[in-house]
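Undergrad: Sequences listed follow chains A and B, in order.
Residue numbers are given in our numbering: position 56 of the first sequence equals residue 56, and the series is strictly consecutive.
Residue numbers are given in our numbering: position 14 of the second sequence equals residue 244, and the series is strictly consecutive.
A hint or two may mislead.
[Unchecked claim] Coverage of chain A stretches by chain B, computed from C-beta distances (three or more under 8 Å per stretch; other residues unrestricted):
1. 30 to 36
2. 41 to 51
3. 54 to 66
4. 92 to 104
5. 107 to 113
6. 180 to 190
[Said to hold, decoys possible] Derived coverage of chain B by chain A (criterion: at least 3 residues anywhere in the stretch with Cβ under 8 Å from a Cβ of chain A; other residues may be distant):
7. 239 to 245
8. 258 to 269
9. 283 to 293
10. 300 to 310
11. 315 to 325
No lab work stands behind these hints, which were simulated from the structure alone.
Think of the CB as a built atom: it goes at the ideal place given N, C-alpha and C, for glycine as much as any other residue.
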Amino acid sequence: MADHAETAKARNVTTPEGWRGIVTDWSSDKRAFQVPWGKAMMWIFLLSDTFIFGSFLTGYMTVRMSTTEPWPNPSEVFALVIGGTKIPLILIAIMTFILISSSGTMAMAVNFGYRRDRVKTMVLMLVTAVFGATFVGMQAFEWTKLIVEEGVRPWGNPMGAAQFGSCFFMITGFHGLHVTVGVIYLSIVALKVFRGHYEHTNYEIVEITGLYWHFVDLVWVFIFAFFYLW
Amino acid sequence: MEHALAQGQQHPISLYLTVWILLFVLSAGSYAVDYFGLQGYLRWSLVVVIMLLKAGLIVAVFMHMRWERLALMCAILVPPLCLLVLVALMAVEGDYTFLTRGLFFVQGSGVP
């Protein structure tokens, strides 16, 4: 018994018990991913976000399959009258192109970040943020039009299946929230890049921010296909 | 060294521009599917194929996944496949709910 306690005491020197033990065990120089820790953490966060959006889209599929009323035709619901002609889904198409453009500028910002070109990195990140803000603005317009003019509510709408509204507000709302957070995140990192806050690093922070931004674009690809085009 | 490891993701700008243009063309393609009002299996297969191509380009090139090590690729890309199980289960569930609603809520609708 005393011997056992003695061993435990001896072991305490190298590996502590309790909460300190957990920290030591998980941080003792074992690494699975050969990338900066921030990048690995961002990927794992994005993986969890994939499950959130995946579950939303699956829920949408379930209610759309199970409703006996006709589903409102997104092509008509999201049509806009421009110059006297009704163009189907035009606003959503423009939003898609804006988000893709923002992904392009973000990819180039990452490139200039690794070249340590602070000014170009900041400008490209801010351009990305402006594209993102434009996207959110157009989404606000879309929501307003849908709520005020078309009378769509989370519990019903004049065009058909009641579940249309709840799916729409839930999915695009959560995506819009991600874009908004992304715009703030991009602006903060862009300013810190400009101030030289990351000079002692390899500018992997720009790539990590970029991962988040590209993910937002990626989610939109799926929403565009399954909600707007289906 | 942390920094030596991270040196990798340096690719020519022209590659990003090519992918950017490809994404534009693909998006225009999927919008055309709606604009010209394609219906049925042609519409759905085109929508899904274009969606997967776009998603693949974004993840592989913009998010640099194709230059990462296999350990990271597997850790990130394999778990989402679980969602396919959820989709399959929920498709069965949705189908069942539809049939039940047809039976009990829609009088004489012809839905079995």
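Undergrad: Decide, hint by hint, whether the structure agrees.
TA: Structure-based check of all given hints:
By the rule of at least three residues with a Cβ nearer than 8 Å to a Cβ of chain B, the coverage given for the region 30 to 36 of chain A holds, with 5 such residues. Residue count for the region 41 to 51 of chain A with a Cβ under 8 Å from a Cβ of chain B: 6. That meets the three needed, and the coverage hint holds. With a cut-off of 8 Å between beta carbons, the region 54 to 66 of chain A has 10 residues touching chain B; three or more are needed, and the interface restraint holds. Three residues within the 8 Å Cβ limit are the bar, and the region 92 to 104 of chain A against chain B gives 7, so the coverage statement holds.
Coverage of the region 107 to 113 of chain A by chain B holds [criterion: at least 3 residues with CB-CB distance below 8 Å; count 4]. Under the rule that three or more residues need a Cβ within less than 8 Å of chain B, the assignment of the region 180 to 190 of chain A is violated, with 0 such residues. Under a criterion of three residues with beta carbons nearer than 8 Å to beta carbons of chain A, the stated coverage of the region 239 to 245 of chain B is upheld, 4 such residues being counted. With 6 residues having a Cβ less than 8 Å from any Cβ of chain A, the region 258 to 269 of chain B passes the three-residue criterion, so the hint holds.
Against chain A, the region 283 to 293 of chain B contributes 7 residues with a C-beta closer than 8 Å to a partner C-beta. That satisfies the three-residue criterion, and the hint holds. Counting residues of the region 300 to 310 of chain B whose C-beta lies closer than 8 Å to any C-beta of chain A gives 6; at least three are required, and the coverage claim holds. Counting residues of the region 315 to 325 of chain B whose beta carbon lies closer than 8 Å to any beta carbon of chain A gives 7, which reaches the threshold of three, so the coverage claim holds.
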